[in-house]
Every structure is written in C-alpha cells, then in structure tokens.
Amino acid sequence: MKAGSKWASSDKLNSDDFEQSNHTVCSNRGTNLSAYNFEDEDISLRTNSVEHGLKLVLEGRCDAFLTLEEVAANTIFRSDDQNQKSNLVIVPADTGTTFDLHLMISKAAPNPEKLLSSINRELMKLEKSGRITELWAKYR
1 MKAGSKWASS DKLNSDDFEQ SNHTVCSNRG TNLSAYNFED EDISLRTNSV
51 EHGLKLVLEG RCDAFLTLEE VAANTIFRSD DQNQKSNLVI VPADTGTTFD
101 LHLMISKAAP NPEKLLSSIN RELMKLEKSG RITELWAKYR
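Note that this note's numbering has the sequence shown beginning at 1, numbered continuously upward.
These are calculated hints, taken from the structure and not from any lab test.
None of the hints are false.
Calculated cross-link-like contacts (lysine-lysine; reagent style DSS-like; alpha-carbon spacing at most 27 Å):
no., residue 1, residue 2
1, Lys128, Lys114
2, Lys114, Lys125
3, Lys128, Lys138
4, Lys138, Lys55
Using the sequences and the accompanying hints, generate a full structural model.
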C-alpha cells in the first residue's frame, strides 16, 4: 500500500480492515484469496502482474494490493522505479496460515535431480546457520 495511507503503519491487516469501506483492494488474477480470508467480491480489480498492481496503488487507483509479502518485496527490490521504493509500504496480512513456496525445476534442464539436491542442500545450510533468517529480514 502507499506510504502514508490509512493502513501503512499497521502491524498486520485482515479482510475486516477493509469491510464496509469505500476502499479499492486489488489483487493478481489467480491469487488464492481464501488464504487471506478474502472473497472474490472483496476485490475491486484484478491485475495481470504484481508490477501492474503496485503501479495502480501508486496512481491511487487501488488503496491496497493483495499478494504474497515476499513477492511484493522482491518486485519492489528489483524495480528501477525509485517511486516504488520510497512510496510503497508492505504490511503483512494476518492470515493465521503459513504458506509453502515452491521452486519449479524443468525436467528438461540438464541434471534436474542434481540441481534440486544442490539447491536443497544449500537451503538446509542457510537454515541451520541462521543465515536464512538474516536474509529474509534484510530483503523484506
């Protein structure tokens, strides 16, 4: 959501924060709304990409854009648009649900099993060392 908005300083938000309001909540097509305790009718506008959704927030066409926190953070981090970096705030949704993220590897890739084993091994090292927690905090 936009820095300085009604919800920008909230610790966590849920669908009740948007009920009975004239605020526009946007989301990507295909987002699993039930995980956020939202229904289809709670979403005013569907977008084709996270980048487009964040642009709509900056333009004032959406008051909030519903997506995974990590996806929004990565999109803003990768953006060359300084307006996004300085004028958007990520506020976690209070879902009471833990999400599993998945990395897909093509079977057509050279040695996909070896690549998968290598990735899993490195992730386990990061987790055991505590470094993964530091990285999440740094790039949120």
